[in-house]
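Visitor: One-letter residues, chain by chain:
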Amino acid sequence: MSGGVLDRRRFLQLTAATGGTVVLSTALGAPAARATSRLRVYVLVVDGTRPDEVTPLLMPRLHRLRTEGTWFSGARSLPVMETIPNHVMMMTGVRPHRSGVPANSVYDRAEGAVRDLDRPSDLRFPTLLERLAARGRTTGTVLSKEYLYGIFGERATHRWEPFPVLPITGHAPDVATTDALLAMVDSADPELVFVNLGDTDRVGHSDLTGTSLRVARTLALRSTDLQVGRFVDHLQATGRWSSSVLLVLADHSMDWSLPTGVISVDAILRSRAELRSSVQIAQNGGADLLYWTGPAARRDTGLAEVRRLVAAHPGVLSVHAPRELGLGPEAGDLVAYCRAGWRFSDPEIFANPIPGNHGHPVTEPIPFLVAGGHPLVRRGVVSGAPARTIDVAPTVGALFGLGAPRGGYDGSVRKEAFSGLR
Amino acid sequence: MIAPDVHLTRRRALQLATATGAGLAAVAATGPASASPKASSPVFRHGVASGDPLPGAVLLWTRVTPTPAATPGSGRGPAVDVGWEVATDPGFRRIVRRGTTSTGPARDHTVKVDAGGLSPATTYWYRFRCRGTASPVGRTRTAPAAEAPVARLRMAVVSCANLQAGWFTAYRHLAARGDLDLVVHLGDYLYEYAPGEYQARDVVVRPHEPAREIVGLADYRRRHAQYKTDPDLQALHAAAPWVVTWDDHESANDAWSGGAENHTEGAEGAWRARRAAAQQAYAEWMPVRYEPGGQLYRRLRFGRLATLSMLDLRTYRDQQPSSPVDPALSAPGRTMAGPEQLQFLLDGLAEPQVQWKLVGNPVMIAPVRFPNGLESRAVEGIAQLVDLPVPPVAGVPYNVDQWDGYPAERAAVLSHLRDRGITDAVFLTGDIHSGWACELPADPLTYPLTGDSVGVELVCTSVTSDNLDDILGTPPRTATLAVETAVKVNNTHVKYLDFDSHGFSVLELTEAGAQMDWFVLTDRTDPRAAAVWSTSVRVPAGTARVERAAGRLS
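Protein chains in written order, with our numbering: chain G, 56 to 477; chain B, 84 to 637.
If we strip away everything but chain B, and leave its shape as in the complex, we get (with noise of 0.2 Å):
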């Protein structure tokens, strides 16, 4: 084990502690996780993972290159048999589960196994085999049984990760942690863009492969591949299941059911055809229970406590609206969700016998309105982070690409929570690059007066992708304070905005309440980037208000 190398520079330390009333001593350690895999052997070049735990089951992924030729996209190599084992200790002293699958070049040589036979609310080890050489180790969790009790139950909450705009040490720090009985991966897992497209500020941290915009089978595939050979990525895939969504950026930029904003039609090639191939590609790379022309929304439970519902927000979505400005947008039969997504969505809340009903939301629910009195700079440059055509003026939605868009749809699941008094709804939202802690008005007209809430959405921020300053080109917790400030006053339901930090977010759910801890990173591209706690915040069970925490969790 390598000792812990902190590297964090005394500017941004401090800017850090001054801006979140953390200390030095909140800085974490940055050594490798306990359950990361070992060196990538020949075979194993792309790591382990598991994801969608069920109380008896979970799925299990690896990517296998069987021979040099067999790299990924390429389409070559021979299909294979691929071992699997599923142990109660990470010695495979005591395994309860084994099996053989094929792979091969018509999915790229990755594996997905359904492990069933299992245990509810029991940690297990898992490896692979091929050709003589067995994968490293991955530790996965089932879900508890769906009737039990759960004292408590504590995941990772992370989005937006652009390779070329960082290193992914967010990951490596929640793979360190040990204590995470999953990982919520909310979206834009990966970006589409060519080198110099999309990085961090103007420096391209790591070039993407292939060296272009992505829109075929095989760059789709490729560009997975090189995320996956990310040894923070594996080193948290390795240690705890992961439960995924996609937002736009697993397709193109802004996508919506019938294009995207960086898709050209007829240049670019059709874009239900490079729909197709990106969605093919994460069936096949993603630890997740997907496989084309399926469902990617799916509720998973974790007992009585909680139910977790992860959304496309993609795939049926009606175009975004030109601009905050258009008529369109108030069309009542505008959909973000789709019919049948949107009931499945309501069905969910409304689940009686379940306590925290968690919403893996790629973007945000929460109403947001432009606020007045900003520097022309500062609304340029959310306009870029939100990618508005034009500068958006005060009072009306800042970003139309997020349920603000879709204002009939967020109506509808609005009135649902407040009409049936549903409790403890909360959405867990990525997209923005940027944390946010915020209440759901049951009425935005009266809420300043009520504080009547029906849910809370807790976001959070990019683990490298850019926010305000780094569009701003300014230093950290500068330019942006003023900006958070005027959105918290015109928008009295936001009660903690950063649109600055990069990094992650812990979620714990016990019966008594919600806890969500930010953390964020020193330095983005920095691979020995130290991460700091910055705020955490607390949701009392049944209140659908956001307080401050005392403390983080321990």
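One chain only, chain G, in its complex shape (with noise of 0.2 Å):
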């Protein structure tokens, strides 16, 4: 962060429930929470979790959220399936083309190399934090992740940097991030707070057992749920469930593959080495993003040729333009999916070793509940509408009466789960 920032901020240290300590920035001049009979909209993500893992057994406190409210069951997630474009889409309403963050990996052009979408400066369009800001209200980012902390940045009014961070998953427990968000609500109570409870999904990732018993997952899921239970004890004991709009879903599902299916484009390329030294790839679990850096005289036989090659891989599922998918250039020339059960693995054969991936199609079906002690939320509602990640930007905007941006949604609100409205 440069210095600069440090000017438009300031820190809030606080103990959380637990024990630990939790530290909130804080934009200079915001605005003071307010009565507690206003309307407050949480975006809970619980990250990686697959739609038939919200169950009784599995998820009680969601299962129960899900039943009192409002349950979208043909959600879906969009592309690139994948956490950091997705969290992007619910916050603006946009796809990727127009937001410019199709992917979390992709290769940048300008610096020759791939690398994270974790940059504040990678998001080109408006989100709901500032744009509800702009309008006096107070809102606040309690993410998990350090790529989704860092897209992000300051938008939020108040912000909790994810702490503290396991080693080699990038991200803080749920229970630390719950513990944030309640300190959060405790202390600032912003109108509406974006969270990332990443559990399930680094647990997921790293699960061995995930094509047959799913042991670790299991246990995270139970976990998580546990943390989303104390997040609602905690607004309906502090009196704040009457006029609380939860939305509660996933980002992307999850799929797990065997060692045996693992694609790796750079292995199909090798035998065609003008093809290998003319093509960069980015990889993201279901999903490589091929970007021709060769010869531009080459350009479209060369592509055409990749496409032909990386399509006759049994695991292979389908190759696009980016176009195709709603996605811009930073999704570079062709973006190839797998079929369930695969993954890919680049630029090496043994870059990606984690069982458990998302990206690709079969990762696009994602819970996604609306419930709360709001007059507005209605219950016991199962909706088959076609709800979308990027619907959650015009439905949070609309319950605040923030208008479309420029341009345009291209999401749609989800009436569905309210009464009244428009």
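Take these hints with a grain of salt, some might be off.
[What the hints assert, rightly or not] Listed next, with one range per pair, are the computed distances between beta-carbon atoms: (1) Leu-636/B - Arg-174/G: 49 to 57 Å; (2) Ala-231/B - Ser-474/G: 18 to 26 Å; (3) Gly-158/B - Ala-359/G: 58 to 66 Å; (4) Leu-636/B - Pro-115/G: 26 to 34 Å; (5) Pro-115/G - Gly-341/B: 53 to 61 Å; (6) Ala-633/B - Ala-359/G: 55 to 63 Å; (7) Leu-636/B - Ser-474/G: 56 to 64 Å; (8) Pro-115/G - Glu-374/B: 26 to 34 Å; (9) Arg-354/G - Asp-197/B: 47 to 55 Å; (10) Arg-170/G - Thr-568/B: 57 to 65 Å.
If you're looking for bench data, these hints aren't it; they were derived computationally from the structure. Yeah, the Cβ is synthetic: ideal placement off N, Cα and C, and Gly gets one too.
Work from the hints to combine the two standalone chains into their complex.
Guide: This is the structure in structure tokens:
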């Protein structure tokens, strides 16, 4: 962070209910919290959770929210089914070709390197966080993953920087994230809080029994569910529940593969040195983004040949031009999806050893529910409407009476979950 | 109106109540359908029908007999004009569409009218006029507009109605319900056999006409005409629009693109000519948007709630393997749907703006492996049920006339569902004369551990055609119980199986879930048989799981 940033924020150190310390940063000049009866919206992302995991046995608290509110049975993530782009779609309401954020990992042509889209400047579209703030409302982010904290930067009025961050996974455990959420609600009480709980995703990625028993994953689901329950209990205990709307959803789901189900575009192109040297690969688990970096004169024929070779692999489901998927030039020249039970591993065959992956279409179905004590929330509804991650911003915006951004939303207001929402 | 006359033998009722857990209170009324046609007039002897509803149109059907000589299949009788009317009330005070069409011996005096200019999701009444006579009145309903939300869609699901094997009381009970948006018929609407070749165990309840195996155009026309004189069939046709496809018996048993098990090339003419005759009669006599030489497979849409893709799994398929251990079984290029229809199916399943993707699937797609430990008579009985030349052995697919005989193509369908994360795919199936509810394993090897399912298959039983207890010659719900248990134990994705009963199913779709009710007849050979609620399963939206429902649809 630059020194200038310090000029625009102040820090608040709090003691969490579990005994830890929570440090929040707040934009200077932020309005103070208001009456308890005003609308509060909490967007909780249970990262990487599958819809079929929201069961009374595995996730009893989420299941109760699902039955008490509105459950979107056909909800889906959008391309590329990765964490950063879908969090961005939730907060902007526009597809990646407008936001500039198509995947977690891209090849940055200017820098000549593959990198995560984790910088505030990577996100080129206004989010709800600052659009609401511009209307005098307070917002907050409690994001468990370092790269999410990175890209959303200081857009929210109140921010929590994930801590403690576990090595390798780069995320804070859900108990710490929920500590921070409770502390932020108690101290600043923002009108909108955007939360990412990363445990189910991070444990899912590494669960070696993912194709069968899902032992570690099951434990993580129960743990995350406990934290969601803890937050709901807190809202109820502090009198906020009756004015609260919760949107609980995943950014993508999860699919597991065995070591035999690995696709390497690097290996596919190895026998064609002239092609391999002209292509950069940004691997996103279930999707590979391919960038032509060779001579412009050979681009079209070269890409056609790359497409043919990659599509012929038995583990490859399909190969697309990015625009077919609502992606912009940041996504490169070709996007390859794998089938269920497969994963990409690039730029080397050993680069992706983790069994749990997403980014491919089998990981599109997500849990998505609207609950809360606010009188607008409809009770006991199951909707088959095509809810998408991109619908979060228009829906939350409508709750606050916020109009569409310039150029309009690409998502829709999910009116099915509310009585009398226009 | 005639008072319900429930004829239920005490023994059969007790068997049904025991087997299904249903009390006798569940016995349905057997009164005539509320929209049942009046007694046949000399001109309109074969009833009226409607089918393939669209948001603004529905197909109307009848057959006229303008002179006594103009009998079905005769090729005789004059060309005549037939008027038609569509109204928004049963008394025809508000007629919204009318017209005149002509027919004659070239199309066996059948009439098909595509009545357009109608409003979506609207109930209409229709009738025909010919030579000063009005037809019975039929009731129909248009489909909802393509983008409309739909709170509920309820349909009958039926298959395998062998006139020789019993009475069509299943159709009568359905016609009496009054709550059906449509009737889905999954094939074997009629049978090609001669009297004595295939009936109710050893009893020919009603002999087929003509009294021979049908092979030529006149034969197929006459057989269609015979079926359409059945008052229960007429009542159900008049009560709701039908969406139909054929299976094999509309032409000949175990038909494939180049022949059929029940076709002797040469002695019974050329297969292509026989099939063309069968298909022409079908096009003439069924309320379907199909004409000879066209394609029967098609997709109907019911707002944002559902699509219904009706498949033709006989016209394009490769020959069935000779047995479940035939090495040809696993050849990668073998097809049942044909490449174009397969792509049509895959495209429909991937439609993102529609919740339920129903597939009118004439033969079962769920893999079924033959179980261990059955008595030899039961093994032989199953072989007979599925037309196997030799008794199956444990571990092999039990019926290669189903998708089990075309595993590469089935894998393409199921992996399409899995790879693309497609939800709410429901295969509605007939053919096998038994009731099933199955999940479709994403991966058969890990399914027992993960339970991961990519869709469901709901199979209605036969209206009358023989099933396992009939073949074994045992009382219902006795010897077959062990077979059903063995099949379910060896195929854990099979959640419900009834190898014995005859009857019908009713499927309801809402945004929250799908539910199918199975009803079974007390006695298919009794024209006054009751229908007893047997079981109900529910598929919660988005789950691809089969659960036992709390109760029948209300």
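Visitor: The hint says 56 to 64 Å between Leu-636/B and Ser-474/G; measuring C-beta to C-beta, is that right?
Guide: Since Leu-636/B and Ser-474/G have Cβ atoms about 27 Å apart, the given range 56 to 64 Å is violated.
Visitor: Does the beta carbon distance between Leu-636/B and Arg-174/G stay inside 49 to 57 Å, or does it fall outside?
Guide: holds (56 Å)
Visitor: Between the beta carbons of Pro-115/G and Glu-374/B, is the distance compatible with 26 to 34 Å?
Guide: violated (57 Å)
Visitor: Given a hinted range of 53 to 61 Å, is it respected by the beta-carbon distance of Pro-115/G and Gly-341/B?
Guide: Given a distance of about 57 Å, which is inside 53 to 61 Å, the answer is holds.
Visitor: With respect to the beta-carbon atoms only, verify the hint that Arg-170/G and Thr-568/B lie 57 to 65 Å apart.
Guide: holds (59 Å)
Visitor: CB of Gly-158/B to CB of Ala-359/G, is that within 58 to 66 Å?
Guide: holds (59 Å)
Visitor: 26 to 34 Å was suggested as the range; check whether the CB atoms of Leu-636/B and Pro-115/G agree with it.
Guide: holds (29 Å)
Visitor: Is 55 to 63 Å respected by the C-beta to C-beta distance linking Ala-633/B and Ala-359/G?
Guide: holds (56 Å)
Visitor: Just tell me: holds or violated, for the beta carbon distance of Ala-231/B and Ser-474/G against 18 to 26 Å?
Guide: Roughly 21 Å apart at Cβ, these two residues keep to the hinted range, so it holds.
Visitor: At the C-beta level, are Arg-354/G and Asp-197/B separated by a distance inside 47 to 55 Å?
Guide: holds (51 Å)
In summary, the numbered hints that this structure violates are 7 and 8.
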